[in-house]
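Kindly produce the complete structure, drawing on both the sequences and the hints.
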Amino acid sequence: MIFITDLDKTFLKSDLSISDFSRRVWNEFKYPLSVATARSYKGSIGLLKGLKLDFPMILLDGAMIAKPDGEILKITSLDKNTGDSIIEEVYKNFKDYPLIVGFDEIGDEKFLYPKKLNPYQKHLLENYKNDSRVLNIDNFRALKHNLKMVYLGQKEFLEEIEKFIKNHFDVETKLTEDAYGPYWFLTVLHKEADKAHGLKYLEEIMDIDKEKVTVFGDNINDIGMFEWAGTSVAVKNALEEVKKRADIVLPHTNDEDAVAKYLKEIK
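Here UniProt numbering is used: the first residue of the sequence shown is 1, the next is one more, and so on.
Hint data in this document are derived by calculation from the structure and do not stem from the laboratory. Think of the CB as a built atom: it goes at the ideal place given N, C-alpha and C, for glycine as much as any other residue. A hint or two may mislead.
[Said to hold, decoys possible] Using C-beta positions, here's what the derived DEER-type ranges look like:
(1) 256 x 92: 45 to 51 Å
(2) 81 x 208: 34 to 40 Å
(3) 210 x 261: 23 to 29 Å
(4) 73 x 160: 32 to 38 Å
(5) 261 x 166: 22 to 28 Å
(6) 72 x 264: 42 to 48 Å
If you want it as structure tokens, here you go:
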């Protein structure tokens with residue numbers, strides 16, 4: 001068996017902390033545990049400090065699989081031509097640029113943002129002031145490997161961009177409400193870069209049958225792995241759409257150690 005949990009609003013408390021109870025349950029758990037998150041390796045590993053991490057992690061919504069020591073096992077990215085085309089066509093029609101997470105020509109992780117930011121991008125970037133990966137770009141272009149491209153704004157505006165992208169490009173998109181800010185994310189990924197594909201890859205390399213996989217989540221980007229895994233578990237604070245797809249809905253929220261309380265009962 002293996003148990004895979006989302007981080008934000010699922011395993012992490014709303015202030016991004018982990019309680020002593022959750023940390024103790026995780027570290028004493030007898031079965032494999034790992035995470036599936038929209039966050040990058042660097043963004044995840046700092047939040048998981050103090051946890052026993054022995055198994056590969058599903059990162060960036062499934063665009064990257066990496067070991068806890070940072071070794072990358074798999075990358076599923078948009079190529080530069082596709083990325084540039086999306087940037088150009090969306091800007092031409094909607095006058096908006098995305099943020100980009102990816103790798104440059106020498107394999108360094110980068111987080112690109114345009115010179116002209118919308119208010120939602122400015123709000124998000126407050127959290128990345130001292131991050132060496134973050135680069136402000138004049139001539140905004142895609143990277144060699146684009147793990148995800150993210151548009152920020154109000155839902156209705158992003159729905160129009162999503163519809164346009166889906167009509168013109170063979171890619172995966174995820175439209176989700178931000179857990180911490182008054183806006184939405186439209187994430188553009190390679191068509192096989194989602195948590196479900198990441199989970200399938202993890203099952204292959206660990207030789208685990210999907211019926212022996214339990215996943216935890218709260219948001220739209222968790223639905224794919226909910227539909228694939230043997231057992232899907234939603235926290236109490238999950239979106240209603242997510243709860244409808246879950247095999248189990250927990251009676252506790254992320255702020256009440258929902259995942260850890262469930263794990264504690266596993267024999």
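A quick look at each hint next to the structure:
no. : hint                  : verdict
1   : 256 x 92: 45 to 51 Å  : holds, 47 Å
2   : 81 x 208: 34 to 40 Å  : holds, 36 Å
3   : 210 x 261: 23 to 29 Å : holds, 24 Å
4   : 73 x 160: 32 to 38 Å  : holds, 36 Å
5   : 261 x 166: 22 to 28 Å : violated, 39 Å
6   : 72 x 264: 42 to 48 Å  : violated, 32 Å
Violated hints for the displayed structure, listed by number in ascending order: 5, 6.
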